[in-house]
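*Asks:* Sequence:
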Amino acid sequence: ASMHFNGTGGPVDLVEARRLYELSAEQGDASAQLSAGEMLHKGYGGPVNMEEARRLYRLAAAQGNALAQHNLAGLLLEGKGGLQSTKEARRYLGLAAAQGLEEAQAALKAMDKEQRAVADEVASQLLAEEELEKEAKANPKPGKKKKKNDKQSRRRRAAAAASWELHSVPSLSPRPVTPEPPELDAPS
128 ASMHFNGTGG PVDLVEARRL YELSAEQGDA SAQLSAGEML HKGYGGPVNM EEARRLYRLA
188 AAQGNALAQH NLAGLLLEGK GGLQSTKEAR RYLGLAAAQG LEEAQAALKA MDKEQRAVAD
248 EVASQLLAEE ELEKEAKANP KPGKKKKKND KQSRRRRAAA AASWELHSVP SLSPRPVTPE
308 PPELDAPS
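Every number in the working numbering is 127 more than the matching position in the sequence shown, counting from 1.
Warning: the hint list may mix true and false statements.
[To be verified] For lysine to aspartate or glutamate, the following DMTMM-like pairs were computed, each having C-alpha atoms within a straight-line distance of at most 25 Å:
id : residue 1 : residue 2
1  : K207      : E241
2  : K207      : E248
3  : K169      : E179
4  : K261      : E230
5  : K169      : D140
6  : K207      : E178
7  : K214      : E257
8  : K240      : E260
9  : K207      : D247
10 : K214      : E256
11 : K261      : D239
12 : K240      : E262
13 : K261      : D247
14 : K214      : E178
These aren't lab readings, by the way, just hints derived from the structure by calculation. Quantities reported herein were computed from a predicted structural model and do not represent experimental measurements.
Assemble the whole structure, with the sequences as input and the hints as a guide.
*Replies:* Below, the structure is given as structure tokens:
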């Protein structure tokens with residue numbers, strides 16, 4: 128398959144490379160699952176198929192392939208080929224990072240930084256609301272009833288913010304297994 132992809136010993140044939148990677152992938156080869164997933168993800172040798180790319184990345188990831196774990200995390204974060212799941216993406220990035228994949232380590236660091244920024248923003252908003260409430264209690268407006276549930280409301284908002292699942296994370300591009308296919312000469 129890689130010979131067809133790279134044009135080793137003959138012309139580049141992405142359609143045949145994809146077919147062969149998919150055949151090997153169905154036999155359970157993690158490397159072929161990753162390569163076929165990438166070809167489906169990028170549309171090499173045929174149409175883009177995110178659902179199938181995600182399925183193949185998941186199979187290779189289950190066998191411990193760090194690149195597949197990273198690429199699957201990217202699809203999970205973006206909701207491509209299925210439901211979006213930051214929690215599951217973080218888990219796969221953690222697995223890939225634990226194997227030393229630098230891209231996964233960097234993505235986790237970026238996600239953590241983003242979550243800290245969101246938590247800081249929520250904490251600032253809650254402090255500002257508390258200050259406004261203190262000021263309102265110190266200077267009540269005539270005819271205005273005091274709310275009994277202000278603390279409960281604040282607690283609910285804080286709990287919701289704490290359980291907030293991060294959605295605005297950096298986009299993860301699939302880590303290429305092989306270089307971009309060689310340019311094909313245009314027919315004359």
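*Asks:* All hints, please: hold or fail.
*Replies:* Hint by hint, here is what the structure shows:
1. K207 - E241: At roughly 21 Å apart (the allowed maximum being 25 Å), E241 and K207 satisfy the hint.
2. K207 - E248: violated (29 Å)
3. K169 - E179: holds (12 Å)
4. K261 - E230: violated (47 Å)
5. K169 - D140: holds (15 Å)
6. K207 - E178: holds (7 Å)
7. K214 - E257: Violated - the C-alpha atoms of E257 and K214 are around 31 Å apart, more than 25 Å.
8. K240 - E260: Violated, at roughly 30 Å.
9. K207 - D247: violated (29 Å)
10. K214 - E256: Since the Cα atoms of K214 and E256 sit roughly 30 Å apart, the hinted pair is violated (cutoff 25 Å).
11. K261 - D239: Not OK: K261 and D239 at ~33 Å, beyond 25 Å, violated.
12. K240 - E262: violated (33 Å)
13. K261 - D247: Distance of about 21 Å is within 25 Å: holds.
14. K214 - E178: holds (19 Å)
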